[in-house]
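Visitor: Starting from the known structure of chain G, fit chain Y onto it as the hints suggest.
2 protein chains.
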Amino acid sequence: MTQEAHEIPQEVESIFERGELVAAIAQDHQTSQVLMIAWMNRDALLLTLQSRKVTYWSRSRGELWEKGLTSGHTQHLKSISYDCDGDALLLKVEQVGSACHTGEGSCFFREIELPR
Amino acid sequence: MTQEAHEIPQEVESIFERGELVAAIAQDHQTSQVLMIAWMNRDALLLTLQSRKVTYWSRSRGELWEKGLTSGHTQHLKSISYDCDGDALLLKVEQVGSACHTGEGSCFFREIELPR
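These protein sequence lines are chains G and Y, in that order.
Residue 35 in our numbering sits at position 50 of the first sequence, and the numbers go up by one each step.
Residue 38 in our numbering sits at position 53 of the second sequence, and the numbers go up by one each step.
Only true hints are included.
Copies of the same chain look alike in the list, so a pair counts if it fits in one copy or across any two.
Simulated pairs of lysine to any residue, SDA-like, Cα-Cα distance not exceeding 20 Å:
#: 1; residue 1: LYS63; residue 2: LEU34
#: 2; residue 1: LYS63; residue 2: GLU96
#: 3; residue 1: LYS77; residue 2: GLU89
#: 4; residue 1: LYS38; residue 2: THR55
#: 5; residue 1: LYS63; residue 2: ALA8
#: 6; residue 1: LYS38; residue 2: GLU98
#: 7; residue 1: LYS77; residue 2: ILE(-7)
#: 8; residue 1: LYS38; residue 2: GLU48
#: 9; residue 1: LYS38; residue 2: LEU99
#: 10; residue 1: LYS38; residue 2: GLN18
#: 11; residue 1: LYS77; residue 2: ILE97
#: 12; residue 1: LYS77; residue 2: LEU99
#: 13; residue 1: LYS38; residue 2: PRO100
#: 14; residue 1: LYS63; residue 2: ARG95
#: 15; residue 1: LYS63; residue 2: GLU98
#: 16; residue 1: LYS77; residue 2: THR16
#: 17; residue 1: LYS77; residue 2: LEU54
#: 18; residue 1: LYS77; residue 2: GLY90
#: 19; residue 1: LYS77; residue 2: SER36
#: 20; residue 1: LYS77; residue 2: GLY57
#: 21; residue 1: LYS77; residue 2: ALA8
#: 22; residue 1: LYS38; residue 2: ILE97
#: 23; residue 1: LYS38; residue 2: GLU96
#: 24; residue 1: LYS77; residue 2: HIS14
#: 25; residue 1: LYS63; residue 2: GLU(-8)
#: 26; residue 1: LYS77; residue 2: GLU98
These aren't lab readings, by the way, just hints derived from the structure by calculation.
It should be emphasised that the depicted structure is a prediction, and the values quoted were computed from it without experimental measurement.
For reference, chain G alone in the conformation it holds in the complex (with noise of 0.2 Å):
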């Protein structure tokens, strides 16, 4: 086994090998706000265990996308935990800047208004 096998649960690699992503939720480790949702496939996790700094899977543009590598944007991984059936993660981050394009805080800004 390689160091790389120990660093992914089975049940998150499972995922991979059916060809699927799983979902990365990423919260602030402080302020336990919701950042943002996206995807990651077995490289962009591996390579976020390996630095420490966020890496996704961008299915529109069907590549590895650095959180904050243009934008200077970063997250920095503080910890990290999967769900129970493996194909989703809780990132708990520091964010650099505002983790939405958009420039707000959080990409959830909008509230969808509850009825009467």
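Guide: Chain Y alone, transformed into the frame defined by chain G:
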């Protein structure tokens, strides 16, 4: 325009119009703990808005799934926001009992150890 049409923002509607689902992240409205992630179609979102009891779309069973209907572990909706590209929702909820079917408070109960 019907009342229904007003409740769902156009960015989110356009995801449903493409036949896609939106990711729905449930977060405890008091502790800010991220509890779980699941999926919603248009009916699930409308039912959630109208009843304020969170209903997801089960991709594996292909049916609507009111959280807690059998377990009693209901999620009461407190507020809901959507992200910049309209394909993800953040639900702040009051969780009755445990969010995870394993009995854990959150589905994200296992950490991945960071290398070195």
